[in-house]
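**Student:** The lines below spell out each chain.
2 protein chains.
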Amino acid sequence: MAGVKDFGLSDKGVTRLAYTDLDFAAQAWLLEQVKDLNLTVTEDAVGNTFLRRPGIDNSLPPIAMGSHLDTVIQAGAYDGIVGVVGALEALYMLRDEKLTAPVEIIIFKAEESSRFGYATMGSKLMTGSATPEQLSQGTKKNDKSFVEVLRENGYNPDNYAEAIKKPGYYKCFLEIHIEQGKVLDETGEQIGIVHNIAAPTRFKIIVDGMADHSGATPMGFRKDALVAGAKLILAVQKAAEEEASKGTVATVGVVDVEPSSINVVPGKVTLWVDLRGVDNASIAKALDKIQHAMANVVDSDKVIVSQEMLTADKPVALSDDLAYEFAKICEEMGVKYRHMNSGAGHDAMHMVKLAPTSMLFIPCKEGISHNPAEYAKLEDICVGVEVLAKMVKKIAQ
Amino acid sequence: MAGVKDFGLSDKGVTRLAYTDLDFAAQAWLLEQVKDLNLTVTEDAVGNTFLRRPGIDNSLPPIAMGSHLDTVIQAGAYDGIVGVVGALEALYMLRDEKLTAPVEIIIFKAEESSRFGYATMGSKLMTGSATPEQLSQGTKKNDKSFVEVLRENGYNPDNYAEAIKKPGYYKCFLEIHIEQGKVLDETGEQIGIVHNIAAPTRFKIIVDGMADHSGATPMGFRKDALVAGAKLILAVQKAAEEEASKGTVATVGVVDVEPSSINVVPGKVTLWVDLRGVDNASIAKALDKIQHAMANVVDSDKVIVSQEMLTADKPVALSDDLAYEFAKICEEMGVKYRHMNSGAGHDAMHMVKLAPTSMLFIPCKEGISHNPAEYAKLEDICVGVEVLAKMVKKIAQ
Chain D
1 MAGVKDFGLS DKGVTRLAYT DLDFAAQAWL LEQVKDLNLT VTEDAVGNTF LRRPGIDNSL
61 PPIAMGSHLD TVIQAGAYDG IVGVVGALEA LYMLRDEKLT APVEIIIFKA EESSRFGYAT
121 MGSKLMTGSA TPEQLSQGTK KNDKSFVEVL RENGYNPDNY AEAIKKPGYY KCFLEIHIEQ
181 GKVLDETGEQ IGIVHNIAAP TRFKIIVDGM ADHSGATPMG FRKDALVAGA KLILAVQKAA
241 EEEASKGTVA TVGVVDVEPS SINVVPGKVT LWVDLRGVDN ASIAKALDKI QHAMANVVDS
301 DKVIVSQEML TADKPVALSD DLAYEFAKIC EEMGVKYRHM NSGAGHDAMH MVKLAPTSML
361 FIPCKEGISH NPAEYAKLED ICVGVEVLAK MVKKIAQ
Chain Z
1 MAGVKDFGLS DKGVTRLAYT DLDFAAQAWL LEQVKDLNLT VTEDAVGNTF LRRPGIDNSL
61 PPIAMGSHLD TVIQAGAYDG IVGVVGALEA LYMLRDEKLT APVEIIIFKA EESSRFGYAT
121 MGSKLMTGSA TPEQLSQGTK KNDKSFVEVL RENGYNPDNY AEAIKKPGYY KCFLEIHIEQ
181 GKVLDETGEQ IGIVHNIAAP TRFKIIVDGM ADHSGATPMG FRKDALVAGA KLILAVQKAA
241 EEEASKGTVA TVGVVDVEPS SINVVPGKVT LWVDLRGVDN ASIAKALDKI QHAMANVVDS
301 DKVIVSQEML TADKPVALSD DLAYEFAKIC EEMGVKYRHM NSGAGHDAMH MVKLAPTSML
361 FIPCKEGISH NPAEYAKLED ICVGVEVLAK MVKKIAQ
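Going down the list, the protein sequences come from chains D and Z.
Each residue of the first sequence is one higher than the one before, starting from 1 at the first, in the working numbering.
Each residue of the second sequence is one higher than the one before, starting from 1 at the first, in the working numbering.
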């Protein structure tokens with residue numbers, strides 16, 4: 001069956017990076033499929049898209065739902081997409097209902113950090129949490145910056161402030177998403193109700209050594225940036241392992257080696273680190289241990305090590321009121337659910353600035369995500385959509 | 001002053017990869033500068049170039065000199081170039097001499113492995129030591145293969161055998177080259193006479209783990225290919241350090257991470273390893289230790305590790321007769337010299353198949369090479385060229 005997943009699909013999964021032609025084409029295709037919903041489509045100054053269903057009283061703040069259509073490199077077909085398609089499906093379920101408040105589906109741009117080094121860019125911009133200029137700092141070697149890409153696609157980055165929405169603009173924000181973890185898959189519960197979102201602290205570690213001929217430079221004379229870098233990769237792993245009981249995790253996902261030649265001792269290495277948790281003290285402790293290791297390799301490996309902060313977000317608490325409302329709906333429906341936290345970041349964590357916000361998790365197989373093997377059962381997604389639709393109906397009446 | 005170095009020069013040094021437009025342009029420019037030598041220029045089926053000065057008896061096998069014009073990424077201005085320009089300079093010194101034998105300067109193609117993953121490709125092809133097909137196995141992600149590049153530049157890879165020269169074709173082969181090590185710079189000797197060339201054993205280590213969401217995958221549930229890869233980078237370093245007294249060295253120069261995204265646990269990592277020495281037993285011992293470490297991470301990190309051999313050359317002995325002839329010339333000139341080995345590989349190591357071969361090393365500052373800071377004193381190069389010219393005259397008379 002045709003789907004959003006077809007845009008960027010290869011034998012290595014789905015790759016549909018933000019603001020690429022594939023990203024725009026996927027959205028255009030999806031909007032074409034739901035024309036019969038007669039939604040009013042608007043776009044803000046940075047590319048976030050809004051699909052509005054009018055209410056009886058359009059002076060009321062709209063109930064918002066939504067998620068994103070962009071993916072990481074070599075992704076699956078569910079992350080983000082379930083939240084957009086699920087929200088549309090909820091509108092189909094509510095088609096014959098008379099709702100007092102308007103409802104709006106938001107398709108956030110660039111939720112994944114795979115292209116620009118920053119996550120949840122669309123919701124950051126919409127909530128005034130960052131400027132396009134700030135989101136251009138993490139540009140990878142040989143890549144275009146976010147500001148350049150905005151211009152290239154007909155958006156004027158100077159007008160970014162026009163995209164900022166004020167607190168109270170929405171009545172609430174509701175996001176449905178696959179868990180991207182193993183908890184629901186293992187416990188057999190069909191719904192996760194999210195109370196806190198772990199936020200990523202992201203930084204680059206830059207190791208400067210000395211590029212030398214790999215054959216003619218004796219071991220004792222080297223300043224190998226990659227050997228020092230390898231020690232730091234293991235230090236990041238160890239720091240997170242020691243904080244694992246607090247739910248803290250850390251990952252080196254990208255390694256840039258210069259000059260990257262088999263016959264040259266690496267002269268410079270950049271590690272991209274992602275550190276997360278729901279416990280601020282634990283995150284700080286892990287960061288401290290990593291920085292301690294950075295100081296150690298300066299001594300042991302005669303290299304220069306520096307750090308460049310990309311983001312240092314705080315864990316975010318969602319609305320307990322909405323969470324207990326969701327729980328009530330699940331109970332009425334006889335659906336097994338669980339109160340839980342989110343290890344992954346989501347657009348919802350910025351939307352708390354605008355309105356009470358809540359999230360529903362759908363189980364995904366073995367917790368696999370950001371991987372072509374990502375999978376969620378259609379029946380689980382349908383249950384989530386039904387819970388979502390009931391919630392919208394309840395609030396919008 | 002204009003020079004070969006200008007082709008590919010930026011603020012990050014010289015980058016003139018083999019078979020690029022820059023590579024061809026540098027050679028064309030150089031040939032233009034030496035037109036007054038009236039050399040006959042020919043090219044073989046794979047792009048090696050031959051500059052011939054006729055002798056009195058052209059039925060005699062020519063005396064060959066030469067080196068290469070291609071560079072690594074972010075290189076200096078001396079590696080290879082000194083051997084080509086030095087040989088031309090020697091011909092200027094011998095301009096008024098009547099020489100019985102013809103003399104030929106060879107400009108070898110693709111001595112550096114930076115583009116195709118294999119070194120000394122031109123001399124390998126010329127001596128029948130490899131086929132274009134074999135030299136296309138190491139193609140890096142997103143790069144064109146060697147066979148494709150040959151075709152693109154008007155060479156027919158199917159005709160590669162036409163480039164192969166037979167043993168006895170040359171009288172001898174002489175190469176002058178910067179040392180790319182620190183020995184001569186530290187001892188103050190002006191000439192190194194090379195007896196053995198360490199040969200690289202090169203292989204890829206491929207680590208297959210599991211790509212997962214970096215936020216939602218607890219530490220204990222990961223199969224992080226990069227964490228396992230970091231352990232192997234350190235194991236390669238340790239194996240070489242333990243064999244350092246035998247002159248063995250090992251380097252991981254390239255790391256490919258998939259999918260290479262800050263919010264995804266690395267699913268696959270490829271390490272490109274270069275292992276070298278002049279002692280076969282020591283090289284084998286280091287390789288054994290690396291393979292032992294590969295088996296260990298399979299257990300400890302729950303990843304799959306495989307190895308792919310790229311080259312496994314044996315150390316090569318050059319001509320002792322020519323070496324002692326060089327020593328005699330140095331003594332006659334009052335030049336301080338040293339008998340030594342080469343840690344780096346050179347085209348000379350394949351030319352031993354065709355003719356007695358010898359190499360001269362010129363000191364280079366702090367042993368720095370494959371780096372923009374590479375530097376050799378003009379006076380040292382001139383001494384080397386004079387020794388070379390005297391040798392050619394002696395043999396060609």
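One or more hints might be untrue.
Copies of the same chain look alike in the list, so a pair counts if it fits in one copy or across any two.
Claimed, not checked - Here are the simulated DMTMM-like cross-link-like pairs (lysine to aspartate or glutamate), alpha carbons at most 20 Å apart as the crow flies: (1) Lys-35 - Asp-96; (2) Lys-223 - Glu-366; (3) Lys-246 - Asp-158; (4) Lys-141 - Glu-258; (5) Lys-223 - Glu-242; (6) Lys-35 - Glu-89; (7) Lys-165 - Glu-258; (8) Lys-98 - Asp-313; (9) Lys-302 - Glu-366; (10) Lys-365 - Asp-299; (11) Lys-204 - Glu-258; (12) Lys-140 - Glu-258; (13) Lys-285 - Glu-89; (14) Lys-141 - Glu-152; (15) Lys-314 - Asp-21; (16) Lys-246 - Asp-143; (17) Lys-141 - Asp-256; (18) Lys-204 - Asp-256.
Keep in mind that the hints were calculated from the coordinates and are not lab data.
**Student:** Would you mind marking each hint as holding or not holding in the structure?
**Tutor:** Hints and how they fare:
Only within a single protomer do Lys-35 and Asp-96 lie at most 20 Å apart by alpha-carbon distance; the minimum there is 16 Å, versus 88 Å between protomers. Taking the closest pair of Cα atoms, Lys-223 and Glu-366 come within 20 Å of each other only across two copies (13 Å); inside a single copy the shortest separation is 42 Å, beyond that limit. In this assembly of identical chains, Lys-246 and Asp-158 lie within 20 Å of each other by CA distance neither inside one copy nor across copies; the values are 41 Å within and 62 Å between. When the C-alpha separation of Lys-141 and Glu-258 is checked against a cutoff of 20 Å, the pair qualifies both within a copy, at 11 Å, and between copies, at 16 Å.
Taking the closest pair of Cα atoms, Lys-223 and Glu-242 come within 20 Å of each other only across two copies (17 Å); inside a single copy the shortest separation is 29 Å, beyond that limit. Taking the shortest Cα distances, Lys-35 and Glu-89 sit within 20 Å of each other inside one copy (13 Å), while across copies they are farther apart (77 Å). Neither within a single protomer nor between protomers do Lys-165 and Glu-258 lie at most 20 Å apart by alpha-carbon distance, with minima of 42 Å and 37 Å respectively. For the identical chains of this complex, Lys-98 and Asp-313 are neighbours neither inside a copy (40 Å) nor across copies (79 Å), given an alpha-carbon limit of 20 Å.
When the C-alpha separation of Lys-302 and Glu-366 is checked against a cutoff of 20 Å, the pair qualifies only between copies, where the shortest distance is 16 Å, while the shortest distance within a copy is 43 Å. Taking the closest pair of Cα atoms, Lys-365 and Asp-299 never come within 20 Å of each other, the shortest separation being 45 Å inside a single copy and 25 Å across copies. In the homo-oligomer, the alpha carbons of Lys-204 and Glu-258 lie at most 20 Å apart both inside one protomer (15 Å) and across protomers (18 Å), since each shortest distance falls under that limit. In the homo-oligomer, the alpha carbons of Lys-140 and Glu-258 lie at most 20 Å apart both inside one protomer (13 Å) and across protomers (15 Å), since each shortest distance falls under that limit.
Within a single copy, Lys-285 and Glu-89 get their C-alpha atoms no closer than 43 Å, and across copies no closer than 63 Å, so neither meets the 20 Å cut-off. In the homo-oligomer, the alpha carbons of Lys-141 and Glu-152 lie at most 20 Å apart inside one protomer (19 Å), although the nearest pairing across protomers, at 27 Å, exceeds that limit. Taking the shortest alpha-carbon separations for Lys-314 and Asp-21, neither the intra-copy value of 33 Å nor the inter-copy value of 51 Å comes in at or below 20 Å. For a Cα distance limit of 20 Å, the shortest separation of Lys-246 from Asp-143 qualifies neither inside one copy, at 36 Å, nor across copies, at 44 Å.
In the homo-oligomer, the alpha carbons of Lys-141 and Asp-256 lie at most 20 Å apart both inside one protomer (9 Å) and across protomers (15 Å), since each shortest distance falls under that limit. For the homomeric pair Lys-204 and Asp-256, the shortest alpha-carbon distances inside one copy (10 Å) and between copies (18 Å) are both at most 20 Å.
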